[in-house]
Every structure is written in C-alpha cells, then in structure tokens.
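J.: The chain contents come next:
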Amino acid sequence: MEKRSEAEFRGTAKRLGDVELTLTPQGHEAIWRFALDADRLPSFAQGIQDEGGQLLALWGSDDRHLNRGFAVHVAFLSSVGLIWTTSALAPDAPVYPDLAHVFPQADRMQRATFDLLGIKAEGALDTRKWLRHSAWNEDEFPLRKDFSPRPSPLAVDAYPFIRVEGDGVHEIAVGPIHAGTIEPGHFRFSVIGDRILKLEQRLGYTHQGVEKRFEGLDLATGAKLSGRVSGDSHTAFTWAYCMAVEQATHGRVPERALWLRALFLEIERVANHLGDLGYLGNDAALSFGFMQFWRLRETWLRQSASLFGHRYLFDRIVPGGVACDLNESGQVELIASADRLEIEVCELKAIYDEHAGLQDRFAHTGVVKPAMAARLGLTGLAGRASAQAWDIRAQFPQAPYDQLDVNMATARKGDVLARVEVRFAEVHESLRLIREIVKRLPSGAIHTPLEAVHGVCEGLGWVAGWRGEVLVAVRIGAEGKLDRVHPHDPSWQNWPLLEVGTLGNIVPDFPLINKSFNLSYSGQDL
Amino acid sequence: MATHLILQKIFKTGIVSEAAPKADLSLRTREQESHTQNQLHAEILKVFGQAVSIRCVDAGSCNGCELEIHALGGPHYNIEGLGVKFAASPRHADILLVTGPVSRNLEIALKRTYDAIPEPKWVVAMGDCAGGCGMAGGLFGENYASCGKISNVIPVDVEVPGCPPTPTALLAGILAAVSGGR
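Chains as they are written, first to last, in my numbering: chain A, 1 to 526; chain B, 1001 to 1182.
Source of the hints: derived by calculation from the structure; they are not laboratory data. Note that the Cβ used here is the ideal one computed from N, Cα and C, for glycine as well. A few of these clues could be false.
[As the list claims (entries may be wrong)] These stretches of chain A come out as covered by chain B in the derived footprint (C-beta under 8 Å, 3 or more residues): (1) 181-189; (2) 195-202; (3) 290-302.
[Claimed, not checked] Pair by pair, the computed Cβ-Cβ distance ranges are: (4) B/Leu1082 - A/Arg302: 46 to 52 Å; (5) B/Tyr1144 - A/Tyr159: 15 to 21 Å; (6) B/Arg1112 - A/Glu255: 52 to 58 Å; (7) B/Ala1019 - A/Asp126: 50 to 56 Å; (8) B/Glu1031 - A/Asp353: 51 to 57 Å; (9) B/Glu1119 - A/Glu451: 57 to 63 Å; (10) B/Pro1075 - A/Asp353: 20 to 26 Å; (11) A/Glu255 - B/Thr1003: 25 to 31 Å; (12) A/Lys369 - B/Arg1112: 36 to 42 Å; (13) B/Glu1031 - A/Gly193: 50 to 56 Å; (14) B/Glu1031 - A/Asp92: 56 to 62 Å.
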C-alpha cells in the first residue's frame, strides 16, 4: 500500500491530547502506528476519549534482545481507525503511567501485563494480580525472554476479593468449575436475599501460556495456535493473525482468498448467533427454542463440513490465503441453504416475539445503559445492543467488506432483549452477506506463498469477529520465526460490563444475562 | 398465540434424531480390572444398561470442544434417549469428561472434581489437546502454565481424538467407556 499524505486522509491532521499525529498506514487502510513517549500516553488517551474513541487493547513486549528495553503497546479506536502506539520503556525499571483512570477497561489488561512481563502501570488504583494465580512466583515474568521458572508451590490462589459488608449481606461463590458445560471461572456474588449487590469475577483459570507458546513457532503453526485462542472465534483470530503476518511480510493475498475469508467469518457469526439464540430460549425455560436453533445450527455445521472439510472451519485460513475453495455446486448449495435458514429463523423469531414468558424474562434484565457502556468501553455485539455504534465492517471496511455495504445492527436498551434483537438482525445481515459474497466471488488463485523474511518485522490484524473486534499483534524475528504474538479478544473489555449488568438483578437471572453476553474465558485467559 | 406457532413448528419439523453410533472400543486407553471383577457393579450395569451421568470439566481448552459437547445436546443426537445425561455435581456422575490441556491454574480443581466422583468412575479425555494426540496434540505443549494432556494429571480411560471431535465421535467414546467388562 502506498503511503498516504495527511491531506489525502481526512481527519489525520487533528491533534490528540498534546500529540500532533504523524501517521503511517500499516497495510490495512485504517490501521495507523507511531511511537509515543510513555509519559504522554495519558494525555493522548484523553484526546482519544474527548473525540469519542475507545481503548481496545493494551499489551507489553520484552525488546531487550533487540537492544532496547521493554515496550507498552496500546490500540485505540478513533475516528481515523485504529491507532497503535508503542512506548519504549527502560530495561531496568519498566513503568508507564496508568491509563485506567481515562479508560477503565485498561485495568485488567494493565494487571495482566504486569503479571506476564513485570511492566508496571504507575499510579494504578488496582494493582492486584490478574492472570497469575499460583502457577508461577510473584517475582517471575513468563513473557520475559530470560524467564526460567523456579518450582512454585501451587497452593490455593488467595485472591483478595472486595468484600461487601452490612446487615443481611452474604456471599455466593460460584466456580471455577460451573454446574453446566461452560469454561471455568469464579464468580463471587454479594447478595441480599435474591438481589445482587455486587459481582466480582476471578478469571485466568484457562491460562495455558499461549503467548509464550507462540515464541519460536513458524508462521504456519502460529496460524493454527491463533485459531485456538478462543475456538468459537477461530476464523476471526486466524484471519487477524494472518492479516498481521501478511502486513509484516508485505505479503499479497489473492482477492478470491479475501472473499472466502469473509465468507468463513460470516458463516462463523451465523453459527454462533444460532447457538446463542437457542441457549437464550433455554435459559428462559423454553427448551423448544434450544432444540430448534440447535437443529438449524447442526445443519449449518454439517454443511461447512461437507463444503469446506471442517464443521467450524478450523485451519481453513492460512498465511497468504485460504486452504480450500468453493466450487460452483457448492455455491448453489450455500445460497439455497442460506435461503432456507432465513425462513426458519423468521418463523422462530415470530415465536420468540410472541412468547410472553420469554419476553418477560428478556426485557429489562441485565441492563447496561448506553452511557455506562461508553464509559467502560463495551464493544462488539453487546456494545451495539447498548448504542455503541461501532462495527469495523461498516466503518473501516477492508476488502471485501468495502464492496459489501454492511448494515450495522444496533439497539439502545442494553438489556438481554436488546442483545437478542441484535443477534437476530445480524443473522439476517450475515445471510445477506453470504449470498452476496458467493454470487460475486472473484475468480483466481486462493493462495500466494509469503516471501522469506529478512529482518525483524511487525504487523497488526483487526477483524470484526462475531463477539466483537479481534486484534492480533505479531512480531517476526530475524530468522523468520514468531518472536512475540499478542492476541486480543473483545471479552477483555466486556467481562467487567457483565459485572455491571447484573447489579440489582436477581441471582436466578444471572445465567440468562451471562449467556446474553456469552464471553470467552480462554480468549481473555490466554 | 405462541403456543399455536410452537405446535405448528414442532409438527412441521418432525423427528430429526439419528441412530446412535456403536461404542468405539479402540479409543480405550486402559481397563479398570478391579471394577470388572466387581460382581455388584456388573449387576448394576446389567440393570441400568448405559444409563450414565457425565460431569464436564474444561481444564483449559480453547472452548472448541465445548461447542461439540453442546451440539451433542441437540435434537440430532438424542443422548438422553440413550440414557446419557449431564450432571451438575461430580457426586452424581459416573463419567468425567475433560477437555483441553490441563492449565496449572485449574490443576487442583480438576483433581478435586475427580476425587469427588464416587467409584466406579471413568474418565474420557476429549480432543487432541486432552489426549496429547493428533494434529493439535502438541499445539499448546507443556510449559509454566500448562500440564499438557489429561493423563498427566488424572487417570484416563478413553481418549477421543479430533480438533474438536465430532459429536458422533464423542458419543462413541463415551459409550466405549461404559461398555467395559460386559
């Protein structure tokens, strides 16, 4: 991609905080990167917030083997797109100023960055551990290149929860292993009677050391691992990872491959929304809804298996393109099944709309008001249900979305019902996109091998997964192996909003509220 | 008027359930001798057939395997018709179904869950990560945060490969676990 001047890209000339933007496009037309002194981070963040932007992700890296110190990286969402700042930190005392007082969603990311790298957010209010339980010692940092762990005692976690005290308050401790088939995590409810006064989450139970595992992998194996950061968002993560790798290596992806990637992403979105719509019925005691939606979902998954060789499209996206094609009979089949599915979803929507018991459970339950959503950075599907009108497929579309005119679905009420409505709307939009993509699929190759890497290079991928924006930052070392990979799941921002959304609700409504967000544990536990 | 629409939809949909797969005995990784010699246990199995309760634990998976466990609950597979149901407590379970490489942060909880299940019990390790096999078997590896496959932490009776295994493969593995000694 050619470098654009400021005049060619409207909006880049503005000042953010005390920083004058000198932006360099990064391959993706809406990803901008620059170095920023760490002490200017808060005022820059404030500038982003003043113009209505958000903080998407914060992570660190150990750059000492590159003759530098450490670095803290932040991805901001702004009116010009995604701004990726990198701030160099001293090798002996890596600190940067706290950003959580500007963007509260930075809190857990800052704590995780300390646990993994020993990079400290100075002035942060909450300095409790986050991803570290007791699997490694307090003074050891797994993502430092010289990490060599001593045996750790593996005693209990001993996490200092915030206690709610007063007459009649009691605690309900749930997890890490839950009663249903879901991922592990701990929820600490403080309640009076049935009403929730406070919910505090303790996550990190599925921390498998993914980021450490990436170090030294070849690019193809890295793609496989990236897809298993959160299995339900496999396509979003592998696409974001491949986008980052292709950006770093200046790889060119054939057009047909890009269209097929978008097709896979929409198929994944439909599959997940169908599953959630079924479970939301089930959690409100309408098992009919579960059986119907999961019947549709099963048919949908089997179709993926027969057309593309995998029910969840695992490993179909590879660096340089995609691993499987769609032939003409497959195109016909896919369009026909999208048509059939759309009719059935309409029938089921009519039932959900008409069902008084269901509507009674959905409406006014688990409310996150738009102002709160904006303050805490609620993103993705849940954000759009609370009037946070961001969908990068619509606002910062990359190929092929720039030719598809994606309709963003939004709602204002921020309750379970709003999240149900947004899902229904997105199923319809995705089915429209699937038909559109299949009809207009360009011809040509589906894969171009990447060229060999000479020297350290970096890239960032940004994809609208079904849950929200997925980011993957990649650094490839001089010998062509992965040096640092940071995958970011939107669940990082949204988990704290689940705490907010349950306040004042009754305990029996928690499973319903939780399901309406359907956040990833493994995606944030890493 | 939802009732009318629901009945109409149920009638139109019909029954989509499919025949169950056969137990895939090749997935077994060990035989529990003490139980097969237990006369009382054999009698119980005879009476209750394959009526088993399963307790699921995600010990650190990517949540891909969980998607397929959920799919097993859908109408195509009719598992409750086969006598297989999921239990909320390990005290009520016969089978422990475990996914993922075991994260060290969940190691203690997994061991406690295993201990809480009354004898006789079987452990089914679901997926390449859990069994340390197949394409994704070594993907997460063993490191400061991950103990690797399930059998590194608790005894395993059946390993079902796949990333993730299909619901049919999982069902064949579950049935293989409980058809031991008969």
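J.: Run every hint past the structure and note whether it holds.
T.: These are the hints, each one checked on the structure:
{"no.": "1", "hint": "181-189", "verdict": "holds (count 4)"}
{"no.": "2", "hint": "195-202", "verdict": "violated (count 0)"}
{"no.": "3", "hint": "290-302", "verdict": "holds (count 8)"}
{"no.": "4", "hint": "B/Leu1082 - A/Arg302: 46 to 52 Å", "verdict": "violated (20 Å)"}
{"no.": "5", "hint": "B/Tyr1144 - A/Tyr159: 15 to 21 Å", "verdict": "holds (19 Å)"}
{"no.": "6", "hint": "B/Arg1112 - A/Glu255: 52 to 58 Å", "verdict": "holds (53 Å)"}
{"no.": "7", "hint": "B/Ala1019 - A/Asp126: 50 to 56 Å", "verdict": "holds (55 Å)"}
{"no.": "8", "hint": "B/Glu1031 - A/Asp353: 51 to 57 Å", "verdict": "holds (54 Å)"}
{"no.": "9", "hint": "B/Glu1119 - A/Glu451: 57 to 63 Å", "verdict": "holds (59 Å)"}
{"no.": "10", "hint": "B/Pro1075 - A/Asp353: 20 to 26 Å", "verdict": "holds (23 Å)"}
{"no.": "11", "hint": "A/Glu255 - B/Thr1003: 25 to 31 Å", "verdict": "violated (50 Å)"}
{"no.": "12", "hint": "A/Lys369 - B/Arg1112: 36 to 42 Å", "verdict": "holds (40 Å)"}
{"no.": "13", "hint": "B/Glu1031 - A/Gly193: 50 to 56 Å", "verdict": "holds (52 Å)"}
{"no.": "14", "hint": "B/Glu1031 - A/Asp92: 56 to 62 Å", "verdict": "holds (58 Å)"}
Hints 2, 4 and 11 from the list above are not met by this structure, while the remaining hints are.
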